[in-house]
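Asker: Can you build the whole structure from these sequences, using the hints too?
One-letter residues, chain by chain:
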Amino acid sequence: MIPLSYYLLLAGALFAIGAYGIMTLSNGIRLLMCIELMLNSANMNLVAFSTHINNASGQVFALFSIALAAAEAAVGFAIILMIYRWRAEIDIENINLLRW
Amino acid sequence: MISKILNAVVALLLLAVIGISVIGTEWVTTPLTFVEGDSSGIVHVGQLVFTAYVIPFEALSLVLLAALIGGIYLAKKEASA
Chain A
1 MIPLSYYLLL AGALFAIGAY GIMTLSNGIR LLMCIELMLN SANMNLVAFS
51 THINNASGQV FALFSIALAA AEAAVGFAII LMIYRWRAEI DIENINLLRW
Chain B
1 MISKILNAVV ALLLLAVIGI SVIGTEWVTT PLTFVEGDSS GIVHVGQLVF
51 TAYVIPFEAL SLVLLAALIG GIYLAKKEAS A
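Sequences listed follow chains A and B, in order.
Residue numbers for the first sequence follow my numbering, so the first one is 1 and each next one is one higher.
Residue numbers for the second sequence follow my numbering, so the first one is 1 and each next one is one higher.
The set of hints was computed from the structure by calculation and includes no laboratory data.
Some hints here could point you the wrong way.
Computed footprint of chain A on chain B, listed as stretches where at least three residues anywhere in the stretch have a Cβ under 8 Å from a Cβ of chain A [what the hints assert, rightly or not]: (1) 1 to 13; (2) 40 to 54.
Footprint (simulated), chain A over chain B, 3 or more residues, beta carbon under 8 Å [said to hold, decoys possible]: (3) 18 to 27; (4) 57 to 65.
Just so you know, even glycine gets a beta-carbon here, dropped at the ideal spot from N, CA and C.
Answerer: Here it is as structure tokens:
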């Protein structure tokens, strides 16, 4: 059986890659992709802990989390589509309507 | 370019903190016990979804329906105005 810490290190690396993408992004599509990456690292943690404490509830939670991520991506892409129609760009450095 | 390097440093620091805390922890684990004829545990997971977690499952279907309707409404080309 693969040790638990390998899974956790892989999930941490995925989360760090997603965080780097979020910090350096200038594209709305890339924002959603990096958010998916971070969500999937959390899912990997859920499944790894679930198999290592012999309790299948974590896998059910990971299943629900994947479905919620799908819903989030659908709404996010719709919002980005609306922003593109409104501004003819999705460069989120220039979209500062909701920033202070 | 400088800010990208700074962001990479911040991401690597995050990875280092996560990695050090994962490596430095003594994980007490009990391995997954496999049932006969269910080598991946997927039968148990499926039974859990439809027994213990059936209320969240139904709520999730409503959430997905709401997201579907909202996404289609937002992405729809408006016919007039």
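Asker: Hint by hint, note whether the structure agrees.
Answerer: Verification of the supplied hints:
no.: 1; hint: 1 to 13; result: holds (count 7)
no.: 2; hint: 40 to 54; result: holds (count 7)
no.: 3; hint: 18 to 27; result: holds (count 6)
no.: 4; hint: 57 to 65; result: holds (count 4)
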